[in-house]
Amino acid sequence: MNQDTVRDGWEVVIGLEIHAQLATRSKIFSASPTAYGAAPNTQASLVDLGYPGTLPVLNGDAVRMAVKFGLATGATIAARSIFARKNYFYPDLPKGYQISQYERPVVEDGSLEILLENGTKKTIGITRAHLEEDAGKSLHEGLANASGIDLNRAGTPLLEIVSEPDLRSAKEAIAYLKKVHTLVRYLEICDGNMQEGSFRCDANVSVRRFGKTEFGTRCEIKNVNSFRFVEKAINYEVERQIDVLEGGGSIVQETRLYDSAKDETRPMRSKEEANDYRYFPDPDLLPLEIAPAFVEQVRATLPELPDEKAARFSLHHGLSPYDAGVLTSSRELADFYEAVVRELGGAAASAKLAANWVMGDFSAFLNRDGLEFGAARVPAAALAGLLRRIQDETISGKIAKEVFELMWADAAEADAVIEAKGLKQITDTSAIETAIAAVMAANPKQLAEYRSGKDKLFGFFVGQTMKATQGKANPAQLNELLKKLLGGP
Amino acid sequence: MSLHRRSVAELAAGLAAKEFSAVELARHFLARIATSNPALNAFLTVTAERALADAARADATRAAGKAGPLTGVPIAHKDIFCTDGIKTSCGSKMLDNFVAPYDATVVERLAAAGTVLLGKTNMDEFAMGSSNETSYFGPVRNPWDLAKVPGGSSGGSAAAVAARLVPAATGTDTGGSIRQPAALVGISGIKPTYGRVSRYGMVAFASSLDQGGILAPSAEDCALLLGAIAGFDPRDSTSVDVPVPDYVAELQAPLKGLRIGVLKEFFAAGLDGPTGALVEASIAQLRELGAQIVDVSCPNLPLSVPTYYVVAPAECSSNLSRFDGVRFGHRCQSPRDLMDLYKRSRGEGFGAEVKRRIMTGTYVLSAGYYDAYYLKAQKVRSLITADFKRAFEAVDVLAGPTSPTPAFDIGAKVDDPITMYLNDIYTIGANLAGLPAISVPCGFVGGLPVGLQLIGPHFGESRLLAAAHAYQRASDFHRRVPAAYA
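Listed in order, the protein sequences are those of chains A and B. Counting from 1 along the first sequence, just add 18 to a position and that's the residue number in the working numbering. Counting from 1 along the second sequence, just add 182 to a position and that's the residue number in the working numbering.
Keep in mind that the hints were calculated from the coordinates and are not lab data. Ideal Cβ positions, reconstructed from N, Cα and C, are used throughout, including at glycine. Treat the hints with care, as some may be off.
As the list claims (entries may be wrong) - Facing chain A, from chain B, some residues (calculated, C-beta under 10 Å):
| hint | residue |
| --- | --- |
| 1 | Arg-381 |
| 2 | Asn-501 |
| 3 | Ser-516 |
| 4 | Leu-520 |
| 5 | Tyr-552 |
| 6 | Val-562 |
Claimed, not checked - Quick list of simulated restraints, FRET-style, between CB atoms:
| hint | chain 1 | residue 1 | chain 2 | residue 2 | range |
| --- | --- | --- | --- | --- | --- |
| 7 | A | Asn-59 | B | Met-541 | 31 to 37 Å |
| 8 | A | Gly-392 | B | Pro-427 | 52 to 58 Å |
| 9 | A | Ser-129 | B | Ala-534 | 50 to 56 Å |
Can you build the whole structure from these sequences, using the hints too?
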């Protein structure tokens, strides 16, 4: 499908509801651990199972994380918020209700800036972020004529982050989603793992004729588990809605599921069948009261945020906004880059070189091998060691790529590789001159053509001489000497 | 005096003086249960073996010189408190097969105090009822007249104490479920301030109203036992971290100068004449004993029954959703699908009154009705709470009847829920406002006991208990036992 080119005359309106699983050690209302992947029902206490007589007790760490998010998005932290019960029957919902926040969420009126493709910035409003408990999982695989229930996930703390309908394309939606994803990992409040479901997204999508102020009827696309699928699902849905409207039909407000195998959305349940959740304040939990002192205490723990970091990289390291954005897209990447710069003695001389290498070969190898930063085969100090040899002209940038590959393969230091493989750059003028002379002698025809004006052949001589020196000739010296010895054109 | 005629305080003194052992005491009461329970139906489970083991341990504790004031005192728990390894039915078919894997905080604390558990008592299903007739296990009978109800929902605890099958028992009070049965069987019963006693392990009916408490012959007994169960519990977010006073020591506070407010709204139409006369006489006696009597009014109080019957069903409709046949409790035979499992498990497991309240509660929380019912009820609840607050600026304690009439015939009101609900007209206010309240016996009408209710400000239990104790030192209604159980 044609990505992101909305058909003439239509405007797309998207709002996202993101569920970020908070990285607390225990559940939001019980002391059970939250670790992923344990055997079914081994991490479900009597509270999680909804046993008669059990009561919820709020995990203060979940509150701290919600406040952290609120502060990082410039939101209002509610001095008093209310937990409410959302009532519905489902086997993976042990109490028959989910404890959530409804009318009074803990975080309200925040915003994030996204960078559009044309280089301008756009502010996306965050209506609210509220705390709630996750449900369990129904298991259908490997069970004949039965369904299993795993309540390990029941009671896991979630922060539901609801955006304003400010997004105008799938691309914007993804930019915003990635921005939130980056932020929650910076704040260390969510591991961001989309495969394991710790970062999930529902998209509310509608379309309207350009110039209209009222919104069209929206559809909610549920639980799409990768950035790519969110983008595809939105694009499919936009096309579908425009098709319906242009065909004279109307959009039914409904919840739809995205099928990634068929790349389409399908209705899950319509509004007529929708539950009446009968929200009301949970009488088992007191209103959540947050003192200004607590907010300040949390504020003091905020790390440098991605936007602040990117601004610093632009301003003080002289990086382009794009490079600064890429480097700050994850805290680990930014930290790694900064470690390399630090090893090289500061940003002034080496920021651009370090940035190129960290974003380039280093990231490529890390991704190729699926490694975390901590497990990188070339740590920051070793990479700096390599870059130092480029800076002092011991090797060329081209040779450095070769050295890097060997370093990665053997977890070796740059100097050892350069030494062992004899890759040290040739900077001895007479040695280069000797090589040039040999090349000129071996290629009289090209020499004559060059001297008669075919200046494109200069590259030919560079290549031949490099080949003769196994690529080790200092490129700048080589150029200079070649010009001198070839004479003309 | 035979063992069962003694109050808890007297039994504790006898145990301390080694007049008898805890094992002897347990055997005495177990024998009385065996004889009398078949007619009364007050106990659903008798834990004889456990009781004797508890008693032997209590005797050993005493021999080791480590006994506390309650060591060796036999008690019973309302079958709404979860007891590790012992069935907790909540008076319902839904939980007829339910054995909790843990102890409620109240159970834990009374066990830690060295009490001896004799068993679990009958109750209205999920504590929804005022007559004990909604129990799946059949009605409890009033020891003063077996044709009468004992009140509810803690009817089993009340009848068991009144017939002296157990010296004291726990109860829960959501709209009067401790005080009304205490009044109808002629014993004392205290509902503490909301948050004073942990709700952890108490099967929830209406979470913002439920409060555990004590039923026992005298106010002094209530003081003794309340001291053991009261106090902050980190497992209940609504429990309050306020120090627990020495209720027994504070019983001695003088009545002289205590300002007792007589609630105008409690003596209006609907109050049985002779019942009202007895309550007025007991208030007159309090004046003679030194209290100052003041007329007060809580104008919004007459709205408490309709308010309660919105708030309580709303919360219960949600609280009882967990009984779905999936993890515990009744499950229907061979469900066709998930919906069938839900519908039949709940349809078969719950009785008529529980269903009525689930439906009422579901309705008042529904989209389009929430504001008109639930939200409005919450506003009225605030007004009632404010009325009480204002009243307590002028008086220390409020007084009035506990129940509009003495015990009525079994079956008389079962088909008329509205009339049944009006039984709680004087007790519901304290629940809506979260206030402590006590009922103490103040006389008899036609051979049936009548209760005087005292309501205090938040955490004013000591004041209530001291006033009730002063009254009981000058009266003997709390010492009377039905002839058949003397």
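Hint check results:
1. Arg-381: holds, 6 Å
2. Asn-501: With Cβ-Cβ at 9 Å, under 10 Å, it holds.
3. Ser-516: Violated, about 12 Å.
4. Leu-520: Because about 7 Å separates B/Leu-520 from the closest Cβ in chain A, which is inside the 10 Å limit, the hint holds.
5. Tyr-552: holds, 7 Å
6. Val-562: violated, 16 Å
7. A/Asn-59 with B/Met-541: 31 to 37 Å: holds, 32 Å
8. A/Gly-392 with B/Pro-427: 52 to 58 Å: The hint (52 to 58 Å, Cβ to Cβ) holds, given that A/Gly-392 and B/Pro-427 are roughly 57 Å apart.
9. A/Ser-129 with B/Ala-534: 50 to 56 Å: holds, 54 Å
Of the numbered hints given earlier, the model fails hints 3, 6; all others are met.
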